[in-house]
Amino acid sequence: MTAHALPRSAAEATIVKQFEALKAPPVSPRRAAAFERFAASGLPTRRVESWHYTDLRAAMTDAAPLAPSPDRAAIEASRALLAGRDKAGAARLVTVNCKFAPELSDVLPAGATAASREGRATGAKDAMASLVEAMSPDSLTVEITAGAVFSGPIEIVHLAVGEGAYSLYSLTEIALTAGARATVIETFLGAAPAVQRHAATMMKLAKGARLKHAAAVGDEPELHLESQLVELEAEAELNAFGFVSGGALTRRQIFANLIGADAKIALGGLALIDGTRRADTTIEVVHTAPRGVSREFYRSIVADDAIGVFQGKVVVSPGAQKTDGAMKSQAVLLSPRAQMNAKPELEIFADDVVCGHGATVASIDPEQIFYLQTRGIPKDEAVAMLLEAFGAEAIARVDDEALARGLRSRLAAWLAGRNAVGTTQNGTMEANA
Amino acid sequence: MLEIKNLHVSVHGKQILDGLSLTVRPGEVAAIMGPNGSGKSTLSYVIAGKPDYDVTAGEILLDGKNLLEMEADERAQKGIFLAFQYPIEIPGVATMTFLKASLNALRRARGEADLTTPEFMRRVREASQRLKVDQEMLRRPLNVGFSGGEKKRLEILQMTLLEPRFCVLDETDSGLDIDALRVVSEGVNALRDASRGFLVITHYQRLLDHIRPDVVHVMAKGRIVATGGPELALELEKNGYRDYAVQAA
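Taken in order, these protein sequences are the chains called A and B. Everything in the first sequence is counted per our numbering, starting at 1 for the first residue and increasing by one. Everything in the second sequence is counted per our numbering, starting at 434 for the first residue and increasing by one.
Just so you know, the hints here were simulated from the structure itself, not pulled from any lab data. Hints are not guaranteed to be accurate.
As the list claims (entries may be wrong) - Between beta-carbon pairs, the in silico distance windows are: (1) B/565 x A/412: 31 to 37 Å; (2) B/554 x A/405: 17 to 23 Å; (3) B/554 x A/412: 21 to 27 Å.
None of these values were measured; they are calculated from a predicted model. We treat Cβ as the ideally placed atom computed from N, Cα and C, and that holds for glycine.
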């Protein structure tokens, strides 16, 4: 870590040792280079602009041991866990501790494949996304061609099984060939409070491909770091949504490149943050080709002592004329101690573009609560109704009714859970720092 | 049924109601008329239980129970209904969802089971036909993008469905054209019976042509300064409030 100004932290030292141990058999030059990218900067601190509100180096006191490959017992435990859960889609793919488990997965229809493969270059510049590439020997690769026909979404369940503290590194690739269509939901499940999860998903859409994607984090890891690396060729369209309702420290980061003309991206999310949780959403959308359209619409509900972060950057390169971009972040704070940090940014290097952004942070409108109360609706119920509406408007951006329905019921469950324990309760999660 | 005794209310340190006393008997429609700034809207909010109003003295009793000790939702459950002058827009909450939540909240408070969906739909359909409320409007978010007339009709629709003991109408005629005024007034008149009381707050006589009051009170500077029959409203229409404003000062 030569370029690193700070002495190596305990977590960094552990990660270096873990990577060294992975080198038998030797890792590919690609992974070695990815590790170098991580090692050059180390765990991000506040001094890294895109990590300004989440000091990971301070938060990660140590790196938990790598999760062992799932054995027979782990597979059977996973099977039991999945049996008690409705399928969210028409076909389910399962990873157990980052390893694709074909025995727990459905076979995709003709024209689509899912397999464990040696990972491809992510092109990530971010330290933590690079670390996932370095630490992952292979990726779950889902390839979808134009001929594939699905009766509903494909669900990828990323299951964490095991006791105590462990680290997970998972790499997933979703590739759509020209003209292909698919809906994919990634669900992160099973992590207990000592788990550190590092996940990266590459989404590559060839010309005219259309992907609807949702990711849901509802389990309780100590750390959930998720990177999405998106590349859109000409006329490709991605609608991606992120739902966060658990985890002590959650960070979802999206790096999207619109490299072909007339590509469209719509990113949205809803973060439900309570107790002492921290949830960070950081996105960077880069327009490099003309006539791209980007929309970002993120909402957060921040309660108790929780902290929310939204950083959005839209970059319009000189060649990306006629770009149409709009970004919005809105947060509701439910307690005087709750915090929201919102930083929208536009970097525009082309002269013929339409781009805008807006950010609001507010509490629930007391006039609205009063109006509902005058109709006999008790205050707690009125607040829950208003929050449900606030969240549902974010979910309404999900362009798939089956996905939206699932997310709405997660929102309702979260609100019901809060009401059951009272809205003024303090969280019971341990602080992550 | 509604008794207001010596009510003193201030907002952010400013005295708005200054010893207001008023009684409305069961079956009675009482009108309150008064100039701008006389405290009419404050009175309606204080009856409904809006926070941030500081009641420094006096009491408000509904059927002998002190409303001032109750939250706004408890007052609604006891039978108070306020038709807002400016109904609040609530994005994201479908009007139907809201109506059902409200009806069932009142039923639960009375120890009754929730309405079945078909029964709820039947009641809404019936009331909305009478009040010329478009079914399509009920699928939209509550009051969002509604015209002034639509908002007021929806207030009366709620009043019809919730069957309150006591209704406060705060300038329900404002923003209404003649046709909407007639529809709204008919809706109110349909609810008049021997046990229900009404407090109709208005600037203008014209609403009282449609909703005939039993008693007219004149309010100025935070208290009732004159009480009479319907003829008092006609007199005010002719002479204005000047006499009463002077008298109260």
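Status of each hint after checking the structure:
no.	hint	in the structure
1	B/565 x A/412: 31 to 37 Å	holds, 34 Å
2	B/554 x A/405: 17 to 23 Å	holds, 22 Å
3	B/554 x A/412: 21 to 27 Å	holds, 22 Å
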